[in-house]
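Engineer: Each chain, written out:
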Amino acid sequence: MGRDMISELPDTLLLHIMSFMNTKYAVQTCVLSKRWNHLCKRLINLTYSPVPNLPKKIGIERFKKFASWVLSSRDHSCSLHNLGLHLCWTEPELLDKIIKYALFCNVQQLILDVYSGFRPDFQSLPLIFCSQSLTSLELSIAWNYALIVLPKSLHMPVLKNLHLQGGSATHELFSTCNLSFLEAVNIDVSWNGRWAEKSSIISSNIMRWLQVLANVKKLTFTSGYPFQIMLHDFSNPISVRPEPPSLVRLESLKVVKHFSVDVSDKEVNTLVEYLLRGSPMAKVHITRMA
Amino acid sequence: MKMMKPYVWLQTSDDSIQQVEQEIAMFCPLICQEIIQKGMGSSKNCAICLPQQVSPAMLSLILDYCRFHQVPGRSNKERKSYDEKFVRIDTERLCELTSAADSLQLKPLVDLTSRALARIIEGKTPEEIRDIFHLPDDLTENVEVEEEHVDDRSVDDLLSFINGNDGGKLNILTILIFVFT
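In the order they appear, the protein sequences are chains A and B.
Mapping of the first sequence onto this note's numbering: residues 1 to 290, in sequence order.
Mapping of the second sequence onto this note's numbering: residues 1 to 181, in sequence order.
Keep in mind the hints are simulated off the structure, nothing from the lab.
In this text the structure is predicted, and so the values were computed from the model without any measurement.
Hints are not guaranteed to be accurate.
Said to hold, decoys possible - Ranges between beta-carbon positions, derived for each pair:
1. A/T287 with B/F68: 34 to 42 Å
2. B/D137 with A/T12: 24 to 32 Å
3. B/K107 with A/K56: 56 to 64 Å
What the hints assert, rightly or not - When the alpha-carbon atoms are kept at most 30 Å apart in a straight line, the in silico DSSO-like pairs for lysine-lysine are as follows:
4. A/K34 with B/K124
5. A/K218 with B/K124
6. B/K80 with A/K254
7. A/K24 with B/K80
8. A/K160 with B/K77
9. B/K124 with A/K24
10. A/K254 with A/K160
11. A/K56 with B/K124
12. A/K217 with B/K80
13. B/K107 with A/K217
14. B/K124 with A/K217
15. B/K107 with A/K160
16. B/K77 with A/K41
No residue lacks a Cβ here, since even glycine has one placed at the ideal position from N, Cα and C.
All chains should be built: construct the whole structure from the sequences, respecting the hints.
Structural biologist: Below you can see the structure in the form of structure tokens.
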């Protein structure tokens, strides 16, 4: 019989090893032996990623189990560094609770890739946008994004990375912000129904927001939709162009194009030039998706 | 005159002392601190005493790792493929290496071996993991008893538990059985 070398490692190393595992397997280590029994309560990275394409009912049940484990069994004195919810079906109340819990534990990285569950009266949503601990936030809300009203101000003093997907930009985006350390932004706003009618509102909202993001180094438009909306607005001779943003520290602008209408490279270039008027160091990467 | 390559003297857990190229040994933050802050390692008499976890065999492995990564101009692909081969060792040595690298504060190697161990554990049944690592099966009885116990508390109860309104303590095993099944 060989020696049980792994159990001789100190807790910190065992937890480090577990941090590289899918949370499901990391938590399952508690049935291995007495040595491992209580370790997973102190995991600081939790990732919930069920198999893709789960039916809604099963998905909700599964998330319920995950959430109850986190809320009841985790050692709440341990701070939570990362919480990632991927492809997640959930009930709104539970999602709200788990987000509040994460914020209460000073979560630093939060990924919310949620199918359902968000509601306009969400208590945790405004709390996210004034978190003192978050350094990275990825928010992706499918289907019912129209319900999400993003707060007008955003006070996240240590935030470095922000990825917004699915928020509605028909109302004003964050207009007052404390984002001193924000370096990378990826915007992928959506719209209610026929955006063409509202393109000038959305476009000027995005533009106004870009003006607030003066310190950003990396700017990405993943879907190209915000870009497309701005282009549409630019092609309208009667719309008044707002002041271009002044992204003085910008190093890279990435646009992934899968435009639904034909947009000429010339039009794209005009918009890029306009956006980058105040950005002497910026490199532009435009990728065209089939 | 021939240029002398600087060497450093290291003492491993079995009390043996050996000479090692300084620039390679300096890759380990712990050795680097001993040399720079304490002026240790310059002769056999003031050899740097390495932590208990570092046996001669482990030191030799760690220095191989440092020697490879210390050479400038290697491509990421080369480094990655070296790393992959480097951790293809039996699990006991992998554990020993993790512990030794950690004691020398060599973070990239700790991450590499930890990742490798995580990959071994992931996706396996508890029995398989116990077999691979020779873990004692000292919980099984407990689990069987717990399995019959169903936790029917609602999430609200669970939340109030966090808030301290509920004096009851939950056994992790009780819940686990229902967690990810």
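Engineer: 34 to 42 Å was suggested as the range; check whether the CB atoms of A/T287 and B/F68 agree with it.
Structural biologist: Between A/T287 and B/F68, where Cβ atoms are some 35 Å apart, the hint holds.
Engineer: CA of A/K34 to CA of B/K124, is that 30 Å or under?
Structural biologist: Status holds; Cα separation ~18 Å.
Engineer: Are the Cα atoms of A/K254 and A/K160 separated by 30 Å or less?
Structural biologist: holds (17 Å)
Engineer: Range hint 56 to 64 Å: satisfied by the CB atoms of B/K107 and A/K56?
Structural biologist: Hint violated: Cβ distance 42 Å, outside 56 to 64 Å.
Engineer: Quick one, are B/K124 and A/K217 close enough, alpha carbons at most 30 Å?
Structural biologist: violated (43 Å)
Engineer: Would you check the hint for B/K77 and A/K41, treating anything up to 30 Å between C-alpha atoms as holding?
Structural biologist: violated (37 Å)
Engineer: Between B/D137 and A/T12, does the beta-carbon spacing fit 24 to 32 Å?
Structural biologist: holds (25 Å)
Engineer: Would the pair A/K56 and B/K124 pass a check requiring their Cα atoms to be no farther apart than 30 Å?
Structural biologist: The hint holds at about 27 Å.
Engineer: For B/K80 and A/K254, compute the direct alpha-carbon distance and say whether it is at most 30 Å.
Structural biologist: holds (28 Å)
Engineer: For the pair supplied as a hint, B/K124 and A/K24, is the alpha-carbon distance within the 30 Å limit?
Structural biologist: holds (12 Å)
Engineer: Under the criterion that the straight-line Cα-Cα distance not exceed 30 Å, is the pair A/K217, B/K80 satisfied?
Structural biologist: Satisfied, since the Cα-Cα distance of roughly 29 Å is no more than 30 Å.
Engineer: B/K107 and A/K217: Cα distance at most 30 Å?
Structural biologist: holds (28 Å)
Of the numbered hints listed earlier, those contradicted by the structure are 3, 5, 14 and 16.
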